[in-house]
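Visitor: Residues per chain, in single letters:
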Amino acid sequence: MTCGTNGKTTTNNLLCSMLEAQGFRVVSNRLGANMVEGVAAALATAAKGPLGYLAVGYLAAAKGPLGYLAADFACLEVDEASAARVLQDLHPDFMILTGLFRDQLDRYGEIDLTMKALEKAILEAPDMTLVINGDDPLTAYLAKKSAHRIVSYGVNEKVTGDVDVIREGRFCENCGAPLQYDFYHFSQLGVYRCPSCGFGRPEIDYAAYGVRLSPQLSFDIQKINSAPVRISAPMTGFYNVYNILAVFSVLREMKLSTEMFSEVLSSFKPQFGRGEIFHVGEKRRQKVLLNLAKNPAGFNQNISAMLQDRSPKDLIIVINDNAQDGRDVSWLWDVDFDRLADETIRSITVSGLRALDMQLRLKYVDIKSERAPDVEKAIDERLADGCENLYVLVNYTALYEAHKYLEGLEK
Amino acid sequence: MNNDRGNEQYSNSYRLNIVHLYPDLLNLYGDRGNIQCMRMRCKWRGIDAQVTECNLDDHLSLASADIVLLGGGSDREQQIVCTRLQKIRQDLRDYVEDGGSMLAVCGGYQLLGHYYDTPEGRMEGLSLVDLYTEQGSPRLISNIVLRNESLPDALPYEIVGFENHGGRTYIGSNTPFGRVLYGHGNNGKDACEGVLYRGVIGTYLHGPLLPKNPHVCDLLLQRALYRKYGVSLADFPAPDDSLEREANRAVVSRFHSPLAP
Numbered sequence: 000m001t002c003g004t005n006g007k008t009t010t011n012n013l014l015c016s017m018l019e020a021q022g023f024r025v026v027s028n029r030l031g032a033n034m035v036e037g038v039a040a041a042l043a044t045a046a047k048g049p050l051g052y053l054a055v056g057y058l059a060a061a062k063g064p065l066g067y068l069a070a071d072f073a074c075l076e077v078d079e080a081s082a083a084r085v086l087q088d089l090h091p092d093f094m095i096l097t098g099l100f101r102d103q104l105d106r107y108g109e110i111d112l113t114m115k116a117l118e119k120a121i122l123e124a125p126d127m128t129l130v131i132n133g134d135d136p137l138t139a140y141l142a143k144k145s146a147h148r149i150v151s152y153g154v155n156e157k158v159t160g161d162v163d164v165i166r167e168g169r170f171c172e173n174c175g176a177p178l179q180y181d182f183y184h185f186s187q188l189g190v191y192r193c194p195s196c197g198f199g200r201p202e203i204d205y206a207a208y209g210v211r212l213s214p215q216l217s218f219d220i221q222k223i224n225s226a227p228v229r230i231s232a233p234m235t236g237f238y239n240v241y242n243i244l245a246v247f248s249v250l251r252e253m254k255l256s257t258e259m260f261s262e263v264l265s266s267f268k269p270q271f272g273r274g275e276i277f278h279v280g281e282k283r284r285q286k287v288l289l290n291l292a293k294n295p296a297g298f299n300q301n302i303s304a305m306l307q308d309r310s311p312k313d314l315i316i317v318i319n320d321n322a323q324d325g326r327d328v329s330w331l332w333d334v335d336f337d338r339l340a341d342e343t344i345r346s347i348t349v350s351g352l353r354a355l356d357m358q359l360r361l362k363y364v365d366i367k368s369e370r371a372p373d374v375e376k377a378i379d380e381r382l383a384d385g386c387e388n389l390y391v392l393v394n395y396t397a398l399y400e401a402h403k404y405l406e407g408l409e410k
Numbered sequence: 000m001n002n003d004r005g006n007e008q009y010s011n012s013y014r015l016n017i018v019h020l021y022p023d024l025l026n027l028y029g030d031r032g033n034i035q036c037m038r039m040r041c042k043w044r045g046i047d048a049q050v051t052e053c054n055l056d057d058h059l060s061l062a063s064a065d066i067v068l069l070g071g072g073s074d075r076e077q078q079i080v081c082t083r084l085q086k087i088r089q090d091l092r093d094y095v096e097d098g099g100s101m102l103a104v105c106g107g108y109q110l111l112g113h114y115y116d117t118p119e120g121r122m123e124g125l126s127l128v129d130l131y132t133e134q135g136s137p138r139l140i141s142n143i144v145l146r147n148e149s150l151p152d153a154l155p156y157e158i159v160g161f162e163n164h165g166g167r168t169y170i171g172s173n174t175p176f177g178r179v180l181y182g183h184g185n186n187g188k189d190a191c192e193g194v195l196y197r198g199v200i201g202t203y204l205h206g207p208l209l210p211k212n213p214h215v216c217d218l219l220l221q222r223a224l225y226r227k228y229g230v231s232l233a234d235f236p237a238p239d240d241s242l243e244r245e246a247n248r249a250v251v252s253r254f255h256s257p258l259a260p
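Chains as they are written, first to last, in numbering that gives the first Met the number 0: chain E, 0 to 410; chain X, 0 to 260.
I should point out that these hints are in silico values taken from the structure, not numbers from a laboratory.
All values reported here derive from a predicted model rather than from experimental measurement.
Warning: the hint list may mix true and false statements.
To be verified - Heads up, simulated SDA-like pairs for lysine to any residue below, C-alpha to C-alpha not over 20 Å straight-line:
1. E:119 / X:119
2. E:362 / X:42
3. E:115 / X:117
Generate coordinates for the entire structure from the input sequences, incorporating the hints supplied.
Guide: Shown next, in the form of structure tokens:
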């Protein structure tokens, strides 16, 4: 089971690809439908037994007498608020926690409440191995409080020079004192310790060193007492280092081979709008990159990845405020949009139900933008202008529309 | 940008000091946006805006403060701030009684009052304004539209925002910030939202509050400017607010359409 604010879908899909490459049958919710219904639906597709589909996966996965799963592994991404419910029925052997960031405040109340619900569910779950992002103090504290076995991954050196002032959880979860950091990666992630109570970053079992972000990701993974493994992946974005680390750690802990790791990575295509690339237009010369950006931590990382590409580009931002997005869009003001005043960005177009909020946000950092009635129109206009490098950053419910349209254009 | 009408003749003469209290703890709902809004609306008028971030371990002096922002945090963070604020309670009280301009949002608004009662116990407030808060259930979460009735000249059109609070606040005979047209307000019962007391605006509205409510931002600036220099904001070139007004109207009009807000 994979849980956490950002990186669930990429981590889970990459894990599935790794397992399938070794010939295992895998059942998963790859499309990112990660609330209780989505998890049940995914399991139902592989459920067998006297009740067939009616066993609705849950029973099947619980290995009850009424059904079983026609698969070797179930890899499920579960959203933070649903994890408590899902953990009542499903008992994973491994649970990956990718990190906890401010996300969809109006659905969960506040980050502390999310933490409490998740903490309770994890504490009460039968024995499992927690594979955690050790760079995140919120996640590390949650894991430490449980009696589960903990395996941690992290990045042991300073990689990015991002200035990113939103640091939820900067205070020690245990005693409330300000945490001391050797350095930050982004948001509250980094190398930290509490000077007051001694809580700190756990010893990292799988550590990344020598991280390069361009032209593509490469780094070494060092497991304690073993030789480093060089990783190279056709992806960008620092956050993908964590996604890859999580998958590598789980495979090793499952005692499965990581021999094919680089090979699978090299052919892994980000999908479903997680850094997915489309080639459209005449001779497919026009490149469009679609990425989900649904909270400050994710958006800031997206901006960093985009600005590493130094060729001219146009940008489309689509912001909705449907229930799944979170009705509250105040998080837009916690994103470092001033960084979009960059000479490689030729134009910015905003759309979505909260296009005006987005346009206003940009106005208050002196950045001009156009408004388009919908994402299709916005994409059409930029492509008609001859744009060969288009970035489309969207939040959750805008993703499906944008994805569907770009898929159509590519055909 | 066509809005940027920075005017050199003012820039050396008028300066407002904005103090942002504990942004390291009270930063939950895009409060940075309120600061950025004040900063830019000063800049567009040629007023020099200095922002001082006062973190937990910094020494706080309100002697030169012209506008104070107290934002919202989670209950745990609020508790940390609450303990710290008791030490400067008198300074804050003097500032408020002297007519100092202040915006307190969500958790910051609750701290203005006498106390905030939760099942875990009582959080002592600053008693700057005669109000109190009790935790209730469920959380009141909604887009919200207000109409101010006490300051028709300064606040001639709706105030819009987003509310997300478990606390129910009771302001007694104080003047509310606005009457609730849509949404829940202070306690979901008396159709009042927020409080106005001397130069203080206390409110549950974030979103953040100021960018889509430029009239509220300008009210804070006007009060600060008048208190410090005896001049009116109207003496400065007015920025073009068409985009702000459009964004404001878009929230109001959601409640007039058959679609759910």
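Visitor: Okay, which hints does this one fail, numbers in order?
Guide: Violated hints: none; all satisfied.
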